[in-house]
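Trainee: Quick note, the sequences are listed as chains Y and W, same order. So the first sequence is numbered by my numbering: it starts at 1 and just counts up by one. So the second sequence is numbered by my numbering: it starts at 466 and just counts up by one.
FYI, nobody ran anything at the bench for these hints, they're computed from the structure. Worth double-checking, as some hints may not be accurate.
Claimed, not checked - In silico lysine-lysine, DSBU-like type, Cα no more than 35 Å apart, as pairs:
1) W/LYS517 x Y/LYS248
2) W/LYS517 x Y/LYS52
3) Y/LYS221 x Y/LYS248
4) W/LYS713 x Y/LYS248
5) W/LYS686 x W/LYS713
Stated by the list, open to error - Over the 12 Å line for every Cβ pair with chain Y, so calculated as not near, a few chain W residues:
6) ILE571
7) GLY637
8) GLN812
9) GLU849
10) ASP898
Stated by the list, open to error - Not the full set, but computed from the structure, chain Y residues with beta-carbon under 8 Å of chain W:
11) THR28
12) PHE110
13) ARG204
14) ASP233
15) PRO431
Ideal Cβ positions, reconstructed from N, Cα and C, are used throughout, including at glycine.
2 protein chains.
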Amino acid sequence: MPCFRPLLPMALWLLATPALAVELIIPTEMEATAQRLMGLAQRENRAYALVKSLTTEVGPRLAGTEAEDRARQWAVGRLEELGFDNIRVEPFAVPLWLRGEERAEIVAPFPQPLEITALGGSTSTGPQGIQGEVAAFESLAALRQATRESLRGKIVFVNESMARSQDGSGYGRAVLKRLVTASLAEERGAVAALIRSVGTSSHRFAHTGNMSLGARAVGSKVPAAALSAPDADQLQRALDYGEPVVVKIVMTPRSRPLVTSGNVIGEIIGREAPQEIVLVGAHLDSWDLGTGAVDDGAGVGIVIAAAKVLMDHMPEMPRRTIRVVLFGSEEVGVVGARAYAERHAAQLGNHIIAAESDFGSGDIWRFDTRVAPASLGYVTAITEVLAPLGIAPGNNETRGGPDLRFLREAGVPIAGLLQDGHDYFDLHHTPDDTLDKIAPDALDQNVAAYAALLYLVADSDMVFR
Amino acid sequence: MPCFRPLLPMALWLLATPALAVELIIPTEMEATAQRLMGLAQRENRAYALVKSLTTEVGPRLAGTEAEDRARQWAVGRLEELGFDNIRVEPFAVPLWLRGEERAEIVAPFPQPLEITALGGSTSTGPQGIQGEVAAFESLAALRQATRESLRGKIVFVNESMARSQDGSGYGRAVLKRLVTASLAEERGAVAALIRSVGTSSHRFAHTGNMSLGARAVGSKVPAAALSAPDADQLQRALDYGEPVVVKIVMTPRSRPLVTSGNVIGEIIGREAPQEIVLVGAHLDSWDLGTGAVDDGAGVGIVIAAAKVLMDHMPEMPRRTIRVVLFGSEEVGVVGARAYAERHAAQLGNHIIAAESDFGSGDIWRFDTRVAPASLGYVTAITEVLAPLGIAPGNNETRGGPDLRFLREAGVPIAGLLQDGHDYFDLHHTPDDTLDKIAPDALDQNVAAYAALLYLVADSDMVFR
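Okay, chain Y solo, but in the shape it has when bound (with noise of 0.2 Å):
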């Protein structure tokens, strides 16, 4: 196949009919054979019948469990049935905190049950519960207002709710709820904190997340639990009257300290460079409350069905190595992450670009970078192949997939496809994330996008840093 070179020789300008941009830095014929893998992808619906198979054989797969490590045993089944090269499970420990019972009630002025779930890293109330007195904040700004005595003995609830938008920018700002909530109310003398669903859904589930978003232990000693948005709703509802409204918290997770995790990692080697890096993502662990169906077998099924285009319909391997990395532990504090970026410090100079797919199954509707200026025009051009697929040139400011941090704060240059994600927070951490919310034929185009993009890099020698 041919490759992009810098210098293209004076020719090869003149030979370019009609003379636009785009064939000035990608030659048609490597802008065609994008084209026909873009094609080609979308005929094959590879990526659904690998969701379909993770979720239906493995379904939930918690960070540290027996699941997990199923789900890694399927990653390794079907990545050597696919003909992948290099495959190989690189382990790390993990804690591991399991959900227990869990439950809740208005005590009084209204008896009823409150459907609520533990978030991740929450301590247990143990099985006598905690019961307390509300304390109603609209707000996580209100709640840092409060003064220590006047949540002494109480049962903190943050009513913030979070907004619905395509780019899921609104999650940014209602996380930082689940991460906070607790320690603010220990500092503040509370027993327990309860916040309104990080998410989207009017439906009765509650969504899970983990308290810290690194590897560190959760600091907070107060057990801490989201209320579905209608709980949510009915809580403020009982709140409104006035009177004192008292509830009951009977959580009983447990954790361990160190378990087994791992990184699932299959390559297509490069022909000429096998010693560069264009790095795909995805995370095989899930939440344990749905079947991780959009969070994340979508990109699982992306990620691998995107390289298997290339290895299916290239007559030869691209130039550089295709590395296909699934994460484990990604939900519990990216910890797989951290362990892939210290296993291979030496090598991420040679990770040309890493890009991740963990939004859901939505249509990608942006090409964002993180790269070096120098770059943007081949950035530029490679937005001009993806334009078919209705998908638009974004900004040099993506902070790429979850299981990019460290690879970004290393200097890896990141490619982030954004996803539509009007949808994604009513599914995402929650029981409602199964198969069925995939549409069968949804993950294509997807998968044309990676496939364009993988192949567009990788056979090119382009630098990006």
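Following the hints, put chain W in place on chain Y, whose structure we already have.
Mentor: Okay, now just chain W, sitting in the frame of chain Y:
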């Protein structure tokens, strides 16, 4: 107020301008009053305020529980506040069935939890649970064909789906599955029964409901539960691999023979014929999983608010008595409806017509009846008055709401204001039946239609039998 006289003086016939059919039967002044009441009804949002109050202050109110008793106290209090006459609770006995723990899992070949809920009246598996290989059937018809030995020790799974429709007609067929699967399974030697939820929700909510439509006890001894639609799909996918699928079910419901329930009644006493009863009903009890907002808090709000429109906005009370009946223990076999029919048996000949609101919060789109053919002209005239609300003529074969069954069988004429039920079975009998599913003004059109109907029947001397 003017009231209908079957034989209009010729002079009135001549005065009618233009001489449309509706004016031959319902005088213009009476129609104008009906339209005025319909307009006023839509400005008050009283039905929503009532549903909000009931679902917040009481929440779930399962038949025979202390919560149902609190619902009766709530109803008496609201009827008193609103100025109804003859407010009373008519007690009756009902068997109590209480949900316990409930969980299920695929044990092999793909271990993972399944979302279930016990069907009302189910026996317990005991805390140790029941485990067995799944015998799956696409339909009830297929299960009926199974021979006894083929299901010995098995767990039956009937995966028949329910169709979505405007009039809820899919429920009639689907509910059969809930009623008879456990008995059919037991007869064939199975140890437990699972059904795909009777409902149209694509979310991860299992749909409960009684296994008996009457007051008689559930016949089957084997435990029975519903799977949410996504979990039924998941179990089917596991079965599609062609290997034996083993499931474990733990459910610990318990029951007690007889506890107290009751119907709550309030009236507007008729000014000329107080012994003639125009009955409008809804049911006060709900299933335990949600807060009973659409089933049947909405109906409770609608019928109280409709009667109150007449009380507030007519210069004098209607000719006949309007009786609001809030039935208890509907969900567990229309026990309150039977108690009402038995207690008032001698009075049923004076029941002019009966209507019940028990189909959620959608707009009314059709007016059905079950009346003597001689009164159909008046029905047509009522329908013409209701037309500005978007209500179309229906048929004369309505069965009315579930609590009208014994009245209908005793010959009481029935009016049926049919609501749009497209989304009703997404919510009905699930945890998702909560207040937020009702738009604040969604009930006003219903209140307007009931107010007009009550007025046009209670302020006339038309006989419908």
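Trainee: Next, verify each hint and record whether it holds.
Mentor: The hints, checked one at a time:
1. For a cut-off of 35 Å, the pair hint linking W/LYS517 to Y/LYS248 stands: about 23 Å separates their Cα positions.
2. At roughly 41 Å between alpha-carbon atoms, W/LYS517 and Y/LYS52 are farther apart than 35 Å, so this suggested pair is violated.
3. The hinted pair formed by Y/LYS221 and Y/LYS248 meets the criterion: a straight-line CA distance of about 17 Å does not exceed 35 Å.
4. Distance hint between W/LYS713 and Y/LYS248 is fulfilled; the C-alpha atoms sit about 30 Å from each other, no more than 35 Å.
5. As the CA atoms of W/LYS686 and W/LYS713 are separated by approximately 17 Å, the hinted pair is consistent with the 35 Å bound.
6. With a cut of 12 Å on Cβ distances, W/ILE571 falls inside the contact zone with chain Y, its closest approach being about 8 Å.
7. Distance check for W/GLY637 against chain Y: the nearest CB is about 25 Å away, which clears 12 Å, and the non-interface claim stands.
8. For W/GLN812, the condition that its CB be more than 12 Å from all CB atoms of chain Y holds, with the nearest at approximately 36 Å.
9. The non-interface label for W/GLU849 is consistent with chain Y: the shortest C-beta to C-beta separation is roughly 38 Å, beyond 12 Å.
10. With a least beta-carbon separation of about 9 Å from chain Y, W/ASP898 fails to lie farther than 12 Å from that chain, contradicting its non-interface assignment.
11. Given the 8 Å rule on beta carbons, the hint for Y/THR28 is violated: about 45 Å separates it from the nearest Cβ of chain W.
12. Checking Y/PHE110 against chain W: minimum C-beta separation of about 5 Å stays under 8 Å; hint holds.
13. The beta carbon of Y/ARG204 comes within 5 Å of a beta carbon in chain W, closer than 8 Å, and the hint placing it at the interface holds.
14. At a threshold of 8 Å, the smallest CB-CB gap from Y/ASP233 to chain W is about 6 Å, leaving the interface hint in force.
15. Given the 8 Å rule on beta carbons, the hint for Y/PRO431 holds: about 5 Å separates it from the nearest Cβ of chain W.
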